[in-house]
Amino acid sequence: MTKKLFTILSILVVAAMFLTACGADEPAAADVPVSELPIACFITDLAGVDDMSFNALGWKGVNDAVAAGFAQEDPILLESKAMEDYEPNIAACLNEGATHVVTSGWAIFEAVSIAAAANPDVKWTFIDAGGFELDNVRELVYQTDEAAFAAGYLAAGVSKTGVIGTYGGAPYPTVSIFMDGMTRGVAYYNEAKGTDVQVIGWDVDAAEGQFTGSFTDMALARTTCEGILDEGADIMLPVGGAINLPCGDAIIARGADAALIGVDADAAFAMPEQYKDLWLITIEKGIDIQITRSIQADAEGNWSGGGTVGNAANEAVGISPLNSWEDKVDADLWAETQALFQAIVDGEVEAATYKVGN
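Per my numbering, residue 16 is the first one in the sequence shown, and the count goes up by one each step.
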């Protein structure tokens with residue numbers, strides 16, 4: 016493990032504390048011989064394990080399973096630099112004896128479908144996609160619009176210009192669900208307060224938004240962000256790994272009084288220090304928690320395939336603390352936001368409008 020990766024995993028331990036504190040159970044070691052524990056292999060998507068987001072959380076979940084005694088030591092890590100890497104990386108996992116393969120991202124779906132069907136004795140845990148209809152694939156999907164709804168409500172109350180911006184890396188459902196949930200949260204605030212806060216970058220009725228078409232083109236991400244800032248946005252929700260950082264660069268370069276909303280892991284801790292004060296809040300996605308639970312079930316002999324939805328109620332989706340913004344956000348607004356999220360958890364407010372799972 017590289018020093019850089021070790022640092023990222025250490026940061027993500029802190030970033031996961033909110034979800035853990037909310038009640039995610041601490042796992043206990045499986046009561047089986049070490050030689051019978053799963054051999055885990057993790058394959059990233061194109062953003063790589065250093066994305067400080069969903070890939071890093073996925074790898075953390077695998078390592079947490081090892082640390083808890085649910086998988087054998089020295090899990091396999093294979094990074095995908097291009098889509099052509101997916102099939103050889105899967106083959107490499109299997110050739111190295113993996114019995115539980117964890118894969119990340121929508122784009123690897125077809126390659127996993129073929130390999131899982133051809134290797135029914137191997138367990139597969141897939142992050143962010145469903146529809147395999149294979150007994151040996153567990154699909155981890157997330158109702159992130161629930162947490163995004165609360166974040167949108169908060170952003171609408173914090174914005175001074177009355178304009179919120181968003182853009183994504185690609186029009187995948189796992190990306191647009193954040194954008195849609197946040198926009199609906201802004202609308203909920205408008206209805207409650209009689210305001211007219213606008214969102215640039217996502218249209219709920221048309222189910223269309225602004226996308227860069229890349230998770231790695233940072234120059235394009237910055238240009239996209241700057242265009243939305245030019246339209247008056249002072250809070251931005253970029254969705255797609257590290258494509259939020261160029262937006263942070265744009266805000267810093269302008270000296271703008273603006274903020275970012277993070278996704279997946281608490282960005283105040285997961286992202287580089289120079290952006291720390293920009294993060295208003297993070298829409299958290301307990302990828303690590305669900306992966307550890309999947310490997311745990313495999314080790315304990317009660318694993319099953321099919322869709323597993325992480326949501327607010329089972330504590331796999333959440334909102335971060337305010338961190339650097341604690342003294343900047345009106346206390347009543349923050350109390351309203353927390354109460355709203357609790358109402359979503361309790362089923363009193365319906366924020367899950369995006370269909371996830373089968």
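Warning: the hint list may mix true and false statements.
Said to hold, decoys possible - Straight-line alpha carbon distances no greater than 20 Å define the calculated SDA-like cross-link-like pairs of lysine to any residue that follow:
#	residue 1	residue 2
1	Lys370	Gly145
2	Lys208	Glu365
3	Lys208	Lys370
Simulated from the structure, these hints should not be mistaken for laboratory data.
Being a predicted model, the structure only gives us computed values, none of them experimental.
Going down the list of hints, with the structure as the test:
1. Lys370 with Gly145: Holds, at about 11 Å.
2. Lys208 with Glu365: Roughly 18 Å between the alpha carbons, so the hint for Lys208 and Glu365 holds.
3. Lys208 with Lys370: violated (28 Å)
Consistency note: the structure conflicts with earlier hint 3 alone.
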